[in-house]
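Peer 1: Read off the chains here:
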Amino acid sequence: QQQVKQSPQSLIVQKGGISIINCAYENTAFDYFPWYQQFPGKGPALLIAIRPDVSEKKEGRFTISFNKSAKQFSLHIMDSQPGDSATYFCAASPTSSNTGKLIFGQGTTLQVKP
Amino acid sequence: NAGVTQTPKFQVLKTGQSMTLQCAQDMNHNSMYWYRQDPGMGLRLIYYSASEGTTDKGEVPNGYNVSRLNKREFSLRLESAAPSQTSVYFCASNSFSYEQYFGPGTRLTVT
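Protein sequences appear in the order of chains A and B. Its first residue numbered 1, the first sequence is counted upward by one per residue in this note's numbering. Its first residue numbered 1, the second sequence is counted upward by one per residue in this note's numbering.
Treat the hints with care, as some may be off.
[What the hints assert, rightly or not] Taking CB as the label site, the calculated pair distances span:
#1 A/E59 x B/S80: 27 to 37 angstroms
#2 B/D56 x A/D53: 22 to 32 angstroms
#3 B/V88 x A/S69: 34 to 44 angstroms
#4 A/S69 x B/E59: 24 to 34 angstroms
#5 B/D56 x A/Q72: 37 to 47 angstroms
Hints in this document: simulated from the structure, not taken from any laboratory. C-beta: ideal position from N, C-alpha, C; glycine also.
Work out the full structure, taking the sequences as your base and the hints as a guide.
Peer 2: This is the structure we're talking about:
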């Protein structure tokens, strides 16, 4: 079963625009929600993460919005740049399991056109 | 610090052949993970090791075995490769923080 559903699968945005990627989860035990960024030929790297005690977290041009009641969270990339072109994965984890395991979404390929 | 290293970077196998993917981390992390990445499927956990001496199945363990050789090294073995195992394989590690650090990946093709 797919515990974390991510959309859209691909996204094309003009330079300077806003990129929005959405994720939905089912397991209410999840309490850690990171976003990973992956460039072609590289491994994923942590971009930003949020815990459910806050509804929003911002780091530079990247913002996570979190809606606990809807079991949804999203990544907003403001002023998108060609260098942001990459694949983005949302993920979720039940930290109480103490295993460090992450459940990943299907990924979104973002292309930012100059 | 090299972080997480994986060997080999590329491999082509024939159906039925065996091979071992190697992973090592130099960050003194307790936990290590093996994922496979397929288009449209995201990253799926094959096996993980929460600490030295323990291993557990993930979401897609069939056809794979693992060994946590010591705290630094975690290997993934394909005993009899199948075309369905064509994928990009990533090793990752973490410790008390939930941030996982990924290696550069191994691109495996099974013909």
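Peer 1: Against the structure shown, which of the earlier numbered hints fail to hold, in ascending order?
Peer 2: 1 and 5
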